[in-house]
Structures are given as structure tokens and as C-alpha cells.
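Using the numbering used here, read the sequence shown as starting at 111 and increasing by one per residue.
Hints were generated in silico from the structure; no laboratory data involved. Do not rely on the hints blindly, as some may be mistaken.
As the list claims (entries may be wrong) - In silico EDC-like links for lysine to aspartate or glutamate, alpha-carbon gap of 16 Å or less:
{"no.": "1", "residue 1": "275", "residue 2": "310"}
{"no.": "2", "residue 1": "187", "residue 2": "134"}
{"no.": "3", "residue 1": "275", "residue 2": "137"}
{"no.": "4", "residue 1": "215", "residue 2": "205"}
{"no.": "5", "residue 1": "281", "residue 2": "310"}
{"no.": "6", "residue 1": "125", "residue 2": "276"}
{"no.": "7", "residue 1": "275", "residue 2": "316"}
{"no.": "8", "residue 1": "249", "residue 2": "291"}
{"no.": "9", "residue 1": "215", "residue 2": "226"}
{"no.": "10", "residue 1": "289", "residue 2": "310"}
{"no.": "11", "residue 1": "281", "residue 2": "188"}
{"no.": "12", "residue 1": "312", "residue 2": "323"}
{"no.": "13", "residue 1": "249", "residue 2": "334"}
{"no.": "14", "residue 1": "305", "residue 2": "331"}
{"no.": "15", "residue 1": "312", "residue 2": "290"}
{"no.": "16", "residue 1": "178", "residue 2": "188"}
{"no.": "17", "residue 1": "281", "residue 2": "134"}
{"no.": "18", "residue 1": "125", "residue 2": "334"}
{"no.": "19", "residue 1": "305", "residue 2": "323"}
{"no.": "20", "residue 1": "249", "residue 2": "226"}
{"no.": "21", "residue 1": "312", "residue 2": "284"}
{"no.": "22", "residue 1": "312", "residue 2": "334"}
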Amino acid sequence: MQINLKSIIYSLIAKEIQVYIPNEITDALYINNLVCSNCRNIWHTSLLECYFCGSLNSYLYKCSDCNKYIPITNSKKECPFCKSKKLYKICYNPDCISNTDENIKALTNKNNGVFDIHSTFNLSLQNCYHCGGKLNEYKSYLVFVCPDTLKIVNFEESYNLNILKEFLNRKLTENENYKEEYVIFKIKDINDNIKYIFNEIKHFYDTNFEKKENLYESISEIIEVLY
111 MQINLKSIIY SLIAKEIQVY IPNEITDALY INNLVCSNCR NIWHTSLLEC YFCGSLNSYL
171 YKCSDCNKYI PITNSKKECP FCKSKKLYKI CYNPDCISNT DENIKALTNK NNGVFDIHST
231 FNLSLQNCYH CGGKLNEYKS YLVFVCPDTL KIVNFEESYN LNILKEFLNR KLTENENYKE
291 EYVIFKIKDI NDNIKYIFNE IKHFYDTNFE KKENLYESIS EIIEVLY
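Take the sequences, apply the hints, and build the full model.
Next up, the structure:
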């Protein structure tokens with residue numbers, strides 16, 4: 111696997127984007143992610159919500175002795191205020207029945223709280239984080255990765271995209287329908303900072319093509335364009 115392709119895959123996975131390598135194409139990847147059918151934003155499958163009230167995981171412990179909240183990053187797993195070790199990953203909603211009903215509270219605390227990793231009282235996200243929609247679907251893209259080594263580019267001066275164009279011409283010779291797909295070209299600017307040229311392949315053949323409109327500082331910016 112070429113280095114540019116591998117590094118981009120790792121960057122996407124780090125942002126919780128699903129990536130697949132097509133068997134028939136060696137210089138491309140499929141980006142595939144769950145989105146809300148209503149607002150088209152990413153459906154955050156890593157988020158958990160309370161089974162009882164739907165509140166999202168707050169990533170906090172609550173001390174049962176002094177009632178203070180503590181970040182789950184606390185490595186000592188003891189309350190820094192009263193030194194108690196009775197810490198529970200409870201639902202942060204004070205009106206949730208897991209906090210107001212003593213029987214249910216005892217049951218959830220037996221499992222170290224609603225959001226403990228072994229608890230059965232939480233669910234993967236059931237409603238869109240952005241709009242509250244209930245339906246989701248997969249949205250996929252085929253993205254080609256220009257395999258050339260990093261090139262230093264001065265964006266204050268004129269330059270051409272010959273390296274990229276040569277790559278795209280080869281791909282379109284294989285299949286002209288690839289023009290509807292995307293391409294990413296990893297480069298360096300004159301300050302040795304990594305940047306990305308990204309867009310649908312067909313746009314690189316437009317007479318009104320503007321290089322800076324297709325230049326991105328990070329993989330995160332590209333994900334925002336797609337999702």
C-alpha cells in the first residue's frame with residue numbers, strides 16, 4: 111500500500127470515519143459513514159444515551175458520598191474531595207428515574223452506573239445529535255489518492271497541477287465515470303506544512319478552476335465538506 115494512501119486512511123479512522131479498500135482499485139478508498147436521513151450530518155455511533163431518559167453520556171463520575179462530579183479521566187478512581195471510592199457513571203439528568211427512583215438507582219449503581227462499560231442501561235445513539243431525527247442511512251464516496259510523493263508548492267505564485275492531471279487522465283482512461291468521484295492530493299507548502307488538494311475529479315477540468323478553493327488545511331476540513 112502506498113504511503114500517501116496509508117497515512118490518509120489512518121487520519122480518517124482517527125476521526126471515526128469508516129474506510130474500506132476496494133479490491134479492484136489500488137489507489138483509492140471508500141469513505142462510508144452513517145448520516146442522519148433528515149439533516150445529513152454524521153450519526154455519531156460512538157455516543158451513548160441513557161436507556162431511561164435519552165440523555166447523552168456526560169463522561170463524569172458522581173461520588174455517592176459528597177455528590178460531587180468528577181471527570182472519568184481521574185486515574186485514581188477516588189473522589190478528590192472526600193477520598194471516597196464510591197464513584198458511579200450515572201445519568202447527568204437530575205430528573206431521570208435512575209436518579210429519582212431509589213429502586214432503579216440501586217439497580218443501576220449495582221452495575222456501577224448507567225454509563226458503565228458493563229451496564230445494560232445505556233444505548234447507542236437513537237436520535238440524531240444535531241436535529242433529533244430518528245432515521246439514518248449510509249453515505250459513501252469513492253476517493254482516489256494521488257500516489258506521488260509530497261511536492262513543495264508556493265501558493266503565492268502560479269503553478270500547475272500536472273502531476274495530479276496526469277494521474278487523473280490515467281484513471282479516466284480506465285473508466286470515464288470516475289469523473290464523478292473524488293480525488294485527494296497530499297502536498298507541502300513552502301513552510302513545510304502538509305495540506306490537501308481535494309474535490310470531485312470533474313472540477314479539475316473546469317476552466318474556472320481555482321486552486322485555493324480546493325485547498326484544505328486538514329482531513330477534518332475535508333470531512334466537513336463530505337458530511
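Right, here's what the structure says about each hint:
1. 275 - 310: Within the cut-off at roughly 13 Å; holds.
2. 187 - 134: 50 Å, violated
3. 275 - 137: Roughly 15 Å separates the two Cα atoms, so the pair holds.
4. 215 - 205: Since the Cα atoms of residue 215 and residue 205 sit roughly 12 Å apart, the hinted pair holds (cutoff 16 Å).
5. 281 - 310: This hinted pair holds, its Cα atoms lying about 13 Å apart.
6. 125 - 276: 30 Å, violated
7. 275 - 316: 12 Å, holds
8. 249 - 291: The hint holds at about 13 Å.
9. 215 - 226: 14 Å, holds
10. 289 - 310: 7 Å, holds
11. 281 - 188: The hint is violated at about 58 Å.
12. 312 - 323: 15 Å, holds
13. 249 - 334: Holds - the C-alpha atoms of residue 334 and residue 249 are around 13 Å apart, at most 16 Å.
14. 305 - 331: Holds, at roughly 11 Å.
15. 312 - 290: The given pair, whose Cα atoms are some 6 Å apart, holds under the 16 Å limit.
16. 178 - 188: 11 Å, holds
17. 281 - 134: 13 Å, holds
18. 125 - 334: Cα-Cα ~11 Å, so holds.
19. 305 - 323: Between residue 305 and residue 323 the Cα gap is close to 13 Å, so the pair holds against 16 Å.
20. 249 - 226: This hinted pair is violated, its Cα atoms lying about 31 Å apart.
21. 312 - 284: 15 Å, holds
22. 312 - 334: Since the Cα atoms of residue 312 and residue 334 sit roughly 20 Å apart, the hinted pair is violated (cutoff 16 Å).
Checked against the numbered hints given earlier, this structure breaks hints 2, 6, 11, 20, 22; the rest are met.
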